[in-house]
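Residue numbers (our numbering), protein chains in the order written: chain A, 443 to 630; chain B, 331 to 408.
Mixed in with the good hints, there may be bad ones.
Stated by the list, open to error - Listed below are several chain A residues computed to face chain B (Cβ distance under 7 Å; list not exhaustive):
(1) 482
(2) 484
(3) 510
(4) 536
(5) 545
(6) 576
(7) 578
(8) 580
(9) 614
(10) 617
Unchecked claim - So, partial list: chain A residues that the calculated Cβ filter (under 8 Å) puts toward chain B:
(11) 506
(12) 534
(13) 579
(14) 616
For the record, the hints were derived by calculation from the structure and aren't laboratory data.
On a predicted model such as this, the values are computed, not experimentally measured, just so you know.
Just so it is clear, CB atoms sit at the ideal spot from N, CA and C, and this is done for glycine as well.
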Amino acid sequence: MILTDREIQIALQNEAIVIDPAPDLSFYSSTSLDLTLDRRLTLFKDPKAGISLCIDPSQKGYNHEEVMAEITTPVDIDDVHGFDFPPHHMILAWTREFVELKFQSRIAARVEGKSSLARLGIGIHLTAPTIHAGFAGQIRLEMVNHNKVPVKLRTGMKICQLIFEQTLGTPVRGYEGRFSGQTTAKKG
Amino acid sequence: MKVRVKQIGPATHPSEVVVSVDTTSGAEHLVVNQRSLKDDRLEIGYPINSRDSDLLVELPRETINGSWRVWVPQALVE
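Produce the complete structure using the sequences and hints provided.
Right, dumping it as structure tokens:
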């Protein structure tokens, strides 16, 4: 079941969900909550001519952050001019808000795009929208500009929305002293 | 409950850090928010299962190798 605006606010009051800074009331819709764009972006460098590059994430010893440091460069969005997101490029971005879903809370979430940006060709995630119970952090966005022209990004703009869902039951790790295989049905 | 981890270094975003968990099949790295780390310990909820002196735990983020649940020595879990 998807949480409505009212249920999201109750979950925030109960601290089943933590969002910092707290969202303005105008950031809610009936069944979602908008999040905003953080200043920091990570840009992928263009490969140099004549150099063949291939990432092998399943290789033993693969270190994602080291690889990313080699092939990307961090950029902070300019306060005045914003950032012109080039066409047909991918960047990593983050929500400005810190989000935490307590693992006992029976709440998970999905990060989704906003139609206002989708219409401009901006995708905000690549097939990994689930925010699992227990997550804590600023949400990393894998953004792609599918448009033929740049689209300006600005710090604090509404960039994505969270859809909160109530899980059917509590995950095993939310149960004290109950291991997998010892289900509630068996334990009574 | 918490699992002990080691800080490996900074992650892509200033709010994040790369940590290492010593699992029974070797070190697994994951990116976590710095606010999730307290004294090099990471909240993991309750263990999922046990086997001899090892515990199956679910990490708060997917590891760089794509795992959520890992077996760790019980001594790492508090």
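Hint-by-hint comparison with the structure:
For residue 482 of chain A, the interface hint holds, since its Cβ comes within 7 Å of a Cβ in chain B; the closest pair sits about 6 Å apart. At a threshold of 7 Å, the smallest CB-CB gap from residue 484 of chain A to chain B is about 5 Å, leaving the interface hint in force. A hinted interface residue such as residue 510 of chain A counts as satisfied when its beta carbon comes closer than 7 Å to some beta carbon of chain B; here the least separation is about 6 Å, so the hint holds. Checking residue 536 of chain A against chain B: minimum C-beta separation of about 5 Å stays under 7 Å; hint holds.
Among the interface hints, the one on residue 545 of chain A holds; its C-beta lies about 4 Å from the nearest C-beta in chain B, closer than the 7 Å criterion. Look at residue 576 of chain A: its Cβ gets to within about 5 Å of chain B, closer than 7 Å, so that hint holds up. Checking residue 578 of chain A against chain B: minimum C-beta separation of about 5 Å stays under 7 Å; hint holds. Look at residue 580 of chain A: its Cβ gets to within about 5 Å of chain B, closer than 7 Å, so that hint holds up.
Because the closest C-beta pair between residue 614 of chain A and chain B is about 5 Å apart, less than 7 Å, the hint holds. The beta carbon of residue 617 of chain A comes within 6 Å of a beta carbon in chain B, closer than 7 Å, and the hint placing it at the interface holds. Checking residue 506 of chain A against chain B by beta carbon gives a least distance of about 4 Å; that is within 8 Å, so the hint holds. A cut of 8 Å between beta carbons decides the hint on residue 534 of chain A: the least distance to chain B is about 6 Å, and the hint holds.
Contact between residue 579 of chain A and chain B, as hinted, is supported at the beta carbon level, the nearest pair being about 3 Å apart and thus within 8 Å. A hinted interface residue such as residue 616 of chain A counts as satisfied when its beta carbon comes closer than 8 Å to some beta carbon of chain B; here the least separation is about 6 Å, so the hint holds.
Against the hints set out earlier in the document, no violation occurs for any number.
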